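Trainee: Residues per chain are reported as follows:
Protein chains: 2
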Amino acid sequence: MSSTTLLNEFPAPRHDTSSSNIQGAVAEFVGILGKDNVISDKEALAPYSTSEWSSYSPGKTEVSSVVVCPSTTEEVSRVMEICHRRRLPVTAYAGGTSLEGHFAPTRGGVCIDFQGMDQILKVHKDDLDVVVQPAVQWEVLNEELAKDGLFFPPDPGPGAMIGGMVGTGCSGTNAYHYGTMRDWVLSLTVVLADGTIIKTRQRPRKSSAGYDLTRMFIGSEGTLGLVTEATLKLAVKPMNEAVAVASFASVHDAASCVSEVVKQGVNIAAVELLDDVQMKCINTSQTTSRSWDEAPTLFFKFSGAPGEVKEKISIVQKLAENANKKTFTFARNSEEVDELWSARKVALWSILQMKQQPTDHVWTTDVAVPMSRLPDIIEQTREEISASGLLGGIVGHVGDGNFHAMLLFNDDQRKVAESVVHNMVKRAVEMEGTVTGEHGVGLVKRDYLEHELGKTTVDTMRRFKQALDPLCLLNCDKVVRVQVPKQGEIPEW
Amino acid sequence: MSSTTLLNEFPAPRHDTSSSNIQGAVAEFVGILGKDNVISDKEALAPYSTSEWSSYSPGKTEVSSVVVCPSTTEEVSRVMEICHRRRLPVTAYAGGTSLEGHFAPTRGGVCIDFQGMDQILKVHKDDLDVVVQPAVQWEVLNEELAKDGLFFPPDPGPGAMIGGMVGTGCSGTNAYHYGTMRDWVLSLTVVLADGTIIKTRQRPRKSSAGYDLTRMFIGSEGTLGLVTEATLKLAVKPMNEAVAVASFASVHDAASCVSEVVKQGVNIAAVELLDDVQMKCINTSQTTSRSWDEAPTLFFKFSGAPGEVKEKISIVQKLAENANKKTFTFARNSEEVDELWSARKVALWSILQMKQQPTDHVWTTDVAVPMSRLPDIIEQTREEISASGLLGGIVGHVGDGNFHAMLLFNDDQRKVAESVVHNMVKRAVEMEGTVTGEHGVGLVKRDYLEHELGKTTVDTMRRFKQALDPLCLLNCDKVVRVQVPKQGEIPEW
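Residue numbers (my numbering), protein chains in the order written: chain Z, -3 to 489; chain L, -3 to 489.
In short, the hints are calculated from the structure, not lab data.
Each hint should be verified, as a subset may be incorrect.
It does not matter which identical chain is meant; a pair holds if it fits inside one copy or across any two.
Dumping the calculated BS3-like pairs for lysine-lysine here, alpha-carbon to alpha-carbon at most 25 Å [claimed, not checked]: (1) K143 - K482; (2) K422 - K229; (3) K229 - K259; (4) K118 - K259; (5) K306 - K276; (6) K451 - K195; (7) K322 - K351.
Keep in mind it's a predicted model, so treat the numbers as computed, not measured.
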């Protein structure tokens, strides 16, 4: 009659992934979805376990036995009824862009591939909302919405799809002004572990009726239910947009400029920081048409009525001067806007371009801290990266206290990279921050949660998991552990 | 092994409110809190059950047996350990401003009065956050924050306290631009039903690490845990503020003006609608220094850099003209700003002023619908109020599709008022809206949840309640029912 579930109290998952059970399930799946939508060819299964950019390397057994491709909520529900009855573990797959092992099928079983559910169902332009299926890419959605002068603000990595964006509680460069995924979902249709279909809300723009199930599913990484439809809030495209770029002698100078902009209440649309290493990579990889000062650089975005944008640029220019800017450039037309912003856009790509051998990898990680601590944690991380001998660029959503490190390492340097990431996470926790600002914990950061939040809080999360998915069918092992780890399995803090 | 809890599956609460159990508990409470902080005098207990402005009238048995006044999280935890062991139901009390019977102690037992926990613990001005206890009033908080040029945006009714604001997931006039309570809480310290203390987060401005427990507690109306501390996000006060007031021949004209402002992407700080009845009440009650056109009226708030504010006013003025405005006035200085905005501020007060007999009451209720449906639902509701013979003013957070009706009625007219509210709720649900945009469901709107959300969704909420509070100790009977109602107890839909 307690309120939390301790690790050793969670009933050990008793999945049945025997080949006879899988074969029986496959026959049932084929009956519902047709033969073409049930994949069990071994070679076709592997890509559903990981990606080139994931920081988690799945073990050999971490592969699903069958992939199913439903096209409706009802089909997903029927698939889950079968998996529930047969005790088959289930992993959801859509864009495959997550970074921390979110869709590694640790227990095998069934993978639900949502890529067939990619329709924009209805744009309500007078209500500023849209109803979509989970495999709609946010860039594709925004192309469609642009026709009505609208857009959906959350802007994570390219290729990400709404289902996964809900799963990780993503954000991006627009989060400073517009907020994160948690702020832009009005309602979700979700299939629960036993096949029950729920819809968390209708379409009001706000509500205080009952528990906030919508936000409970956002950031739950597919462990509490499967999103089959989403109603998203939309924003009206600003009248005008402008971009300014300012370089500084140090990260601290850049950060103090941002701090003044925030304190003066200048309502900017975005502010991003790229460090000197990152700027150098962009030059070296020649991924943009212009060449850049190789110094810590701020990218500002402004939006609003024409006079308003000009006024804000001039205020920010003055504040950049007070903070000893090295250079300050602003775009005079939409082509220049795109050109200036392009450097921010290609940041990750430019690091990937530095790979030379097949044994080279890029590890992208993020943490977030209270805003005032950001310059310190960035500087300490930069020093460690530099001392480690790895190449590592820093990109910061500086208005949110959130930053990414992108580390280039080869197979021999994996331990070094692990240690850099570990220390970055530890620093963030010690500065009252979080182990991830926008990527989610997946498998790689799961065991850090207790350090960040405390044991009782994680035990409360485990209680939620147990309540909705007592058999631990949905993306088992993610977010919270459900079985006591072996000795030495968790690295020392 | 299912994912939801049906109503007849919830274990019937077996509370023990016998006088011997209460006496034993009182002795234990005195041991922890001291005699002065344990109240069991009958006359002192009644005010903890309801208020003058609540739309719920508690029955005679709906009164707590004892009120305790803790001052720390640890004391709250020890109180809950006692209540858990003795199976005593618990209701939390702070500002007492809620409207739908949120703190009516339906099962008697223990009331925890948080009013002693009213400290602002720490302002982190460089991080734009503040740590507070639950009984801090939002107006008091904003007075303190103004010293640093900061403010906390959610602005519900006067006197509301942070604990209750979390409980109802409140908002107010700032929600259109800044969002609701759900967007402004970084972290909560919560005591669970068994006394376990958890802290949902540290202080990063955003995070995607683990389930969003913070938002699970926001809007949970004290049924999942007791908030003993909150870390709140803060905003920087805008450089300048201005207000404009425009009256129109009809609600539809006013709404079409707002719709154009929104579509053009004019970034306004707030937009509120008061109908002609409401404006007349303000004139009649003489609650402001100026007299107003008795027509549907929009109140716009603008903020930003000086030029930006002027530019936005002139755009809105033009759009108001296109929508056939009757009058358009804007404030030229901060005194005029206060004077113009005062009419919006006194709306509820002006209706209360119309009460003439002790048997007169005011029923304040709210719903929200997709934005485009707001003019229709307001007009239909106005027609019904007018036909009913009641006096009823309308105040709309029109940018959010949310509006309030404030009905003046006497004891003989209660059935008529009930029917107006019922039909307003029904209309909102049929327009894909919600039964409450910012007041919460409490007891009065609880049974509407299934109509709004569907049975399986409410069954999922009930599963969450069961998971965290299996004995149903915390504010039992609120949000979701835990026992099958008697025949006829729920009015027909």
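Trainee: The structure should be examined with respect to each hint, and the outcome stated for every one.
Mentor: Verification of the hints:
1. For the homomeric pair K143 and K482, neither the shortest alpha-carbon distance inside one copy (55 Å) nor that between copies (54 Å) is at most 25 Å.
2. Taking the shortest alpha-carbon separations for K422 and K229, only the inter-copy value of 23 Å comes in at or below 25 Å, while the best intra-copy value is 35 Å.
3. Proximity of K229 and K259 under a CA criterion of 25 Å is satisfied inter-copy only: 14 Å between copies versus 29 Å inside one chain copy.
4. With identical chains, the CA atoms of K118 and K259 are at most 25 Å apart between copies only, with a shortest distance of 18 Å across copies and 40 Å within one.
5. Neither within a single protomer nor between protomers do K306 and K276 lie at most 25 Å apart by alpha-carbon distance, with minima of 30 Å and 42 Å respectively.
6. When the C-alpha separation of K451 and K195 is checked against a cutoff of 25 Å, the pair qualifies only between copies, where the shortest distance is 10 Å, while the shortest distance within a copy is 32 Å.
7. Taking identical chains as interchangeable, the C-alpha atoms of K322 and K351 are never at most 25 Å apart, the minima being 30 Å within one chain and 67 Å between chains.
This entry does not satisfy hints 1, 5 and 7, going by the numbered hints stated previously.
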